[in-house]
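Peer 1: Chains as they are written, first to last, in numbering that gives the first Met the number 0: chain A, 0 to 616; chain B, 0 to 353.
Check each hint, because a few of them may be wrong.
Listed next, the in silico DSS-like pairs over lysine-lysine satisfying Cα-Cα at most 30 Å (straight line) [what the hints assert, rightly or not]: (1) A:Lys478 <-> A:Lys491; (2) B:Lys228 <-> A:Lys361; (3) A:Lys558 <-> A:Lys610; (4) B:Lys65 <-> A:Lys361; (5) A:Lys465 <-> A:Lys361; (6) A:Lys16 <-> B:Lys228; (7) A:Lys446 <-> A:Lys599; (8) A:Lys465 <-> A:Lys558; (9) A:Lys496 <-> A:Lys478; (10) A:Lys444 <-> A:Lys599; (11) A:Lys496 <-> A:Lys473; (12) A:Lys2 <-> B:Lys228.
Since the hints were derived computationally from the structure, they do not count as laboratory data. If you're wondering where the values come from, they're calculated on a predicted model, not measured in any experiment.
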Amino acid sequence: MRKIFDFHGGIHPPENKHQSTQGGIESIALPKELIIPLNQHVGAAADPVVETGQHVLKGQLIAEAHGFVSANIHAPTSGHIRAIELRTANHASGMAVLSIVLEPDGEDRWIELESCDQPETLDAQAIIAKVRAAGLAGMGGAGFPTSVKLGGKDIQTLILNAAECEPYITADDILLRHYAAEVLAGAQLLARVFPRLESILIGIEDNKPEAIASLEHALAAQPNTGNTLAIEIVVVPTKYPSGGEKQLIQLLTGKEVPSGKIPAAIGIVMQNVATARAAWRAVRYGEPLISRITTVVGKALKKQGNIEVLIGTPIAHVLSERGFRETESERVVVGGPMMGWAIEDTLAPVVKATNCLLLPSKEELPAAPPEQACIRCGLCAEACPAELLPQQLYWYARAEDQEKLRAYNIFDCIECGACSYVCPSSIPLVQYYRAAKGTIRQAEKDKRKSDQARLRFEARQERIAKAEAEKEAKRLERKKAAEEAKRKLAEKQAAEKSASAYSATESAKDSTKDSAKKDAGEPDMKAIKSEMVKEALAAAAAKKSAQQDDSSEAEKELKRLQRGLSSAESRLERARATLLKNQEEGADATRLDTLAARVKEAEQKVNDARKKLEAAQ
Amino acid sequence: MSLMRPSSPHTHSASSISSTSSVMRTVVLATLPGLIALTHFFGVGSILNLLLAIIFCLGFETLALKLRKKPVLFYLGDYSALVTAILLALAVPPYAPWWLIATGSFFAIVVAKHLYGGLGFNPFNPAMVGYVVLLISFPVEMTQWRIPAIEGLGYLPLLDSLNAIFAGAHLDGFTSATPLDAIKHNQGLTVEDLYATHSAFQSAKIAGTGWEWVNIGFLVGGLYLLYQKVFTWHAPVGMLAALFILPVFFYDGGSSASAGSPFFHLFSGATMLGAFFIITDPVTSATSTLGRLIYGAAIGALVFIIRVWGNYPDAVAFAVLLMNFAAPFIDYYTVPRTYGHERAQSALRKEDEH
Ligand code: SF4
Ligand code: SF4
Numbered sequence: 000m001r002k003i004f005d006f007h008g009g010i011h012p013p014e015n016k017h018q019s020t021q022g023g024i025e026s027i028a029l030p031k032e033l034i035i036p037l038n039q040h041v042g043a044a045a046d047p048v049v050e051t052g053q054h055v056l057k058g059q060l061i062a063e064a065h066g067f068v069s070a071n072i073h074a075p076t077s078g079h080i081r082a083i084e085l086r087t088a089n090h091a092s093g094m095a096v097l098s099i100v101l102e103p104d105g106e107d108r109w110i111e112l113e114s115c116d117q118p119e120t121l122d123a124q125a126i127i128a129k130v131r132a133a134g135l136a137g138m139g140g141a142g143f144p145t146s147v148k149l150g151g152k153d154i155q156t157l158i159l160n161a162a163e164c165e166p167y168i169t170a171d172d173i174l175l176r177h178y179a180a181e182v183l184a185g186a187q188l189l190a191r192v193f194p195r196l197e198s199i200l201i202g203i204e205d206n207k208p209e210a211i212a213s214l215e216h217a218l219a220a221q222p223n224t225g226n227t228l229a230i231e232i233v234v235v236p237t238k239y240p241s242g243g244e245k246q247l248i249q250l251l252t253g254k255e256v257p258s259g260k261i262p263a264a265i266g267i268v269m270q271n272v273a274t275a276r277a278a279w280r281a282v283r284y285g286e287p288l289i290s291r292i293t294t295v296v297g298k299a300l301k302k303q304g305n306i307e308v309l310i311g312t313p314i315a316h317v318l319s320e321r322g323f324r325e326t327e328s329e330r331v332v333v334g335g336p337m338m339g340w341a342i343e344d345t346l347a348p349v350v351k352a353t354n355c356l357l358l359p360s361k362e363e364l365p366a367a368p369p370e371q372a373c374i375r376c377g378l379c380a381e382a383c384p385a386e387l388l389p390q391q392l393y394w395y396a397r398a399e400d401q402e403k404l405r406a407y408n409i410f411d412c413i414e415c416g417a418c419s420y421v422c423p424s425s426i427p428l429v430q431y432y433r434a435a436k437g438t439i440r441q442a443e444k445d446k447r448k449s450d451q452a453r454l455r456f457e458a459r460q461e462r463i464a465k466a467e468a469e470k471e472a473k474r475l476e477r478k479k480a481a482e483e484a485k486r487k488l489a490e491k492q493a494a495e496k497s498a499s500a501y502s503a504t505e506s507a508k509d510s511t512k513d514s515a516k517k518d519a520g521e522p523d524m525k526a527i528k529s530e531m532v533k534e535a536l537a538a539a540a541a542k543k544s545a546q547q548d549d550s551s552e553a554e555k556e557l558k559r560l561q562r563g564l565s566s567a568e569s570r571l572e573r574a575r576a577t578l579l580k581n582q583e584e585g586a587d588a589t590r591l592d593t594l595a596a597r598v599k600e601a602e603q604k605v606n607d608a609r610k611k612l613e614a615a616q
Numbered sequence: 000m001s002l003m004r005p006s007s008p009h010t011h012s013a014s015s016i017s018s019t020s021s022v023m024r025t026v027v028l029a030t031l032p033g034l035i036a037l038t039h040f041f042g043v044g045s046i047l048n049l050l051l052a053i054i055f056c057l058g059f060e061t062l063a064l065k066l067r068k069k070p071v072l073f074y075l076g077d078y079s080a081l082v083t084a085i086l087l088a089l090a091v092p093p094y095a096p097w098w099l100i101a102t103g104s105f106f107a108i109v110v111a112k113h114l115y116g117g118l119g120f121n122p123f124n125p126a127m128v129g130y131v132v133l134l135i136s137f138p139v140e141m142t143q144w145r146i147p148a149i150e151g152l153g154y155l156p157l158l159d160s161l162n163a164i165f166a167g168a169h170l171d172g173f174t175s176a177t178p179l180d181a182i183k184h185n186q187g188l189t190v191e192d193l194y195a196t197h198s199a200f201q202s203a204k205i206a207g208t209g210w211e212w213v214n215i216g217f218l219v220g221g222l223y224l225l226y227q228k229v230f231t232w233h234a235p236v237g238m239l240a241a242l243f244i245l246p247v248f249f250y251d252g253g254s255s256a257s258a259g260s261p262f263f264h265l266f267s268g269a270t271m272l273g274a275f276f277i278i279t280d281p282v283t284s285a286t287s288t289l290g291r292l293i294y295g296a297a298i299g300a301l302v303f304i305i306r307v308w309g310n311y312p313d314a315v316a317f318a319v320l321l322m323n324f325a326a327p328f329i330d331y332y333t334v335p336r337t338y339g340h341e342r343a344q345s346a347l348r349k350e351d352e353h
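Could you build all of it, start to finish, from the sequences and the hints given here?
Peer 2: Here's what the structure looks like:
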């Protein structure tokens with residue numbers, strides 16, 4: 000038996016799991032349209048590869064991963080692309096994101112899939128490629144692109160997360176009851192990606208006996224090929240948030256992920272069980288990730304249970320299929336009661352990470368009572384799995400003391416909500432922390448920006464000063480050269496004059512020739528001449544080089560102006576884009592005005608730059 | 000602030016201590032055994048104290064909230080003023096004149112609490128501030144404890160009680176030295192002899208007539224609060240441990256110079272009331288569990304020191320206020336080690352010392 004460690008704090012909220020585990024995995028009718036956001040995962044949004052009006056088959060690639068941390072997106076069913084436009088996102092902010100709108104044709108016709116009969120023959124690169132092609136992103140709620148997590152070289156432990164500690168959610172529970180074998184196959188598959196892997200663990204809370212039995216059964220039935228690692232099922236006590244990545248790692252290994260690091264830093268990778276199964280289906284059958292099991296639960300519904308939902312199904316459609324009674328509902332929550340977020344627009348779609356839709360009635364999860372004063376009872380600190388002092392964080396969040404917030408490690412808060420749950424004064428602590436984190440991040444960004452701007456400014460000043468100095472030096476040089484030449488010329492003339500005078504008096508004074516005078520006063524004409532030639536040559540050279548300098552200066556100037564023009568142009572483009580985006584998002588009038596003014600300004604700058612360039616040419 | 004979107008978590012604990020009001024109500028309930036013991040031995044004086052304190056404290060609370068333009072009913076609903084009233088009433092000698100209670104209530108509620116910003120912002124325990132102000136200003140009234148009823152005297156008739164409270168009638172002849180005084184002013188008797196002869200120990204086993212039962216009453220209430228998880232064991236255990244261990248060194252075999260036995264100190268004066276009802280006041284104590292252990296132990300030590308070498312009869316209030324001062328410092332140095340960090344760090348660390 001593996002030793003099970005404990006994590007600090009934690010809470011035992013009512014589980015409320017039975018409501019959704021009565022049925023199996025149900026399905027619902029196709030919606031009229033599917034809204035498939037291009038950014039359902041952590042990372043860059045995918046680039047659409049289809050056009051409006053195009054017909055696509057089920058499973059066809061409709062948007063391609065953009066960059067390394069991104070994920071492919073596939074058509075959840077066959078139909079026509081109706082639009083690629085901004086739609087409400089499944090996000091706490093309720094903002095709009097670019098989405099592909101697909102109108103199903105009702106035939107649900109698959110594209111031809113590339114299956115693989117012997118996945119055990121594939122090498123790591125091939126497995127990762129297939130997982131990436133299938134557009135897998137963490138299905139436990141975080142939505143991190145799966146293939147990125149498979150890149151770690153020094154991984155010793157692969158953990159499958161089946162803890163599912165949030166109340167109400169049973170998506171993984173049900174998945175394990177039905178597809179334990181596929182989950183295990185997926186685990187073995189993912190394990191092969193890591194050359195130094197030593198153990199595969201599945202962490203599951205002890206409140207899911209059926210799922211555990213199903214896993215054990217599947218494990219016993221798994222063909223033992225000898226060269227695969229054994230999978231260990233680790234049952235952990237039920238305590239929220241045991242399914243938090245850091246907490247499950249602590250429970251199973253006793254290790255802690257260092258602050259600010261990812262589990263790979265201590266040789267651990269964690270995947271959700273649903274992701275493992277999806278990986279298996281992706282590699283074995285070539286199936287992309289186009290649907291998922293979502294728990295749809297709450298007393299405001301006529302029927303509660305788990306549904307296999309197509310990605311992109313509007314939440315409103317799921318709700319109407321389940322007899323949602325709007326008048327009874329308190330709020331629409333995506334995710335569980337502890338960490339989920341309330342959405343306002345139910346047209347937002349189900350995405351790859353949506354594991355639960357919670358529709359509590361007003362009595363079921365009543366609105367929070369008004370916030371009272373913090374009495375510093377410390378219940379929050381006792382409940383905090385990160386061993387923070389939430390009451391101090393709250394105090395400093397209210398005082399907006401960013402330094403103290405950091406000293407009390409606010410960024411180690413996993414926003415699990417355990418503190419708010421126990422707080423007798425019903426203070427929405429997590430809300431304060433989120434806001435404080437946002438402010439700190441923003442402040443950091445601003446600081447970085449202003450630092451950069453300052454550096455840029457200083458560098459520019461320096462450049463200008465240097466250019467000035469160079470110019471001045473050249474000017475002086477030229478002046479000196481010219482003066483020198485003038486002087487030489489004058490000297491030459493003087494010499495010539497004196498030479499002629501000399502020859503004139505020579506004959507007259509021949510007899511009285513003073514040898515001393517001759518020695519001292521007579522210039523050596525030969526020497527003077529050669530000197531003069533040299534001077535002339537030097538002056539010419541100086542003039543030439545000066546000219547050359549001038550021409551390269553002009554070239555540089557030209558280039559500079561060109562650069563100025565192109566940057567002004569791109570600035571204009573950006574300004575236009577922001578304006579457009581804000582118009583689409585329906586920003587308020589003053590903001591639009593300032594943006595429009597900015598566009599005008601940028602236009603002016605482009606014109607100026609163009610004129611200057613023309614003048615220079 | 001704009002309308003807040005309901006944020007996670009969307010659910011809240013439903014246990015018996017899930018709201019500040021219910022915490023306070025539980026505390027009120029838990030004082031009952033102690034109050035019953037007090038009443039049994041000293042008569043209705045404590046109950047009369049209590050009624051007066053409740054009237055004055057809630058009155059001042061209402062007034063302060065009104066002046067601060069806060070919703071009165073909402074804040075009265077946190078029951079914190081009620082708790083302050085009860086603690087003050089239990090600490091003041093029974094049959095105290097009404098103006099004593101009024102003054103104490105004023106300092107507790109208006110000065111110690113609302114002038115500092117209200118519940119949660121007060122650095123000092125309000126009830127103890129009220130108590131100490133009274134003790135310093137009116138030492139005579141504050142040290143007159145009635146002779147426990149067990150010593151042959153019956154209870155004070157109600158009329159006399161009211162007279163004492165409202166008309167200032169003197170209770171001479173009805174008051175006596177408390178056991179703590181007896182030990183302190185003991186001259187020449189061994190502890191054993193003192194117990195045998197002094198009236199304060201008549202038919203008492205450990206810590207003086209009546210007092211030991213009062214302390215047992217508060218201990219029972221305190222254990223109930225622990226069971227209800229209203230607070231953790233750290234502060235009370237810290238205090239009681241210190242108050243048990245220190246006398247071991249100064250018991251002196253029970254000689255005439257003895258400072259009293261460990262059990263004497265645990266069960267006399269306001270020890271148990273302090274350990275479970277006063278130092279556990281979360282607002283004014285240290286925050287982390289380790290911090291609370293230290294905080295409690297320091298209070299226990301101070302109580303002992305003041306009892307034995309100080310000039311005041313009991314020391315809980317002074318010790319608590321002194322440590323209220325120190326609580327923020329304890330907090331700074333007892334920040335727990337956060338998950339994923341090598342070791343705990345003081346919250347005073349500078350940004351660049353990562
Ligand atoms: S649980 Fe609430 S009232 Fe208690 S210390 Fe924490 S924030 Fe304050
Ligand atoms: S939300 Fe943050 S502070 Fe609160 S219990 Fe969870 S980790 Fe601790």
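Peer 1: So if I understand the rule, the pair passes when the alpha-carbon distance is 30 Å or less; does Lys496 (chain A) with Lys478 (chain A) pass?
Peer 2: 27 Å, holds
Peer 1: Under the criterion that the straight-line Cα-Cα distance not exceed 30 Å, is the pair Lys2 (chain A), Lys228 (chain B) satisfied?
Peer 2: 29 Å, holds
Peer 1: Take the C-alpha atoms of Lys465 (chain A) and Lys361 (chain A), compute the straight-line distance between them, and say whether it is at most 30 Å.
Peer 2: 71 Å, violated
Peer 1: Hey, Lys478 (chain A) versus Lys491 (chain A), does the alpha-carbon distance stay inside 30 Å?
Peer 2: It holds: about 20 Å lies between the C-alpha atoms, which stays within 30 Å.
Peer 1: Has the given pair, Lys558 (chain A) with Lys610 (chain A), been kept, meaning a C-alpha gap of at most 30 Å?
Peer 2: 14 Å, holds
Peer 1: Hey, Lys16 (chain A) versus Lys228 (chain B), does the alpha-carbon distance stay inside 30 Å?
Peer 2: 27 Å, holds
Peer 1: Just to be careful, I want the Cα atoms of Lys465 (chain A) and Lys558 (chain A) compared with a cutoff of 30 Å; is the pair within it?
Peer 2: Judged against 30 Å, a Cα distance of about 18 Å means the pair holds.
Peer 1: Need the status of pair Lys65 (chain B), Lys361 (chain A): alpha-carbon distance at most 30 Å?
Peer 2: 33 Å, violated
Peer 1: Would you mind confirming whether the straight-line C-alpha gap from Lys446 (chain A) to Lys599 (chain A) stays at or under 30 Å?
Peer 2: 28 Å, holds
Peer 1: Would the pair Lys444 (chain A) and Lys599 (chain A) pass a check requiring their Cα atoms to be no farther apart than 30 Å?
Peer 2: 27 Å, holds
Peer 1: Would the hint linking Lys496 (chain A) and Lys473 (chain A) be met if the CA-CA limit is 30 Å?
Peer 2: The given pair, whose Cα atoms are some 34 Å apart, is violated under the 30 Å limit.
Peer 1: Would you mind confirming whether the straight-line C-alpha gap from Lys228 (chain B) to Lys361 (chain A) stays at or under 30 Å?
Peer 2: 29 Å, holds
Violated hints, in rising order: 4, 5, 11; the structure is consistent with all others.
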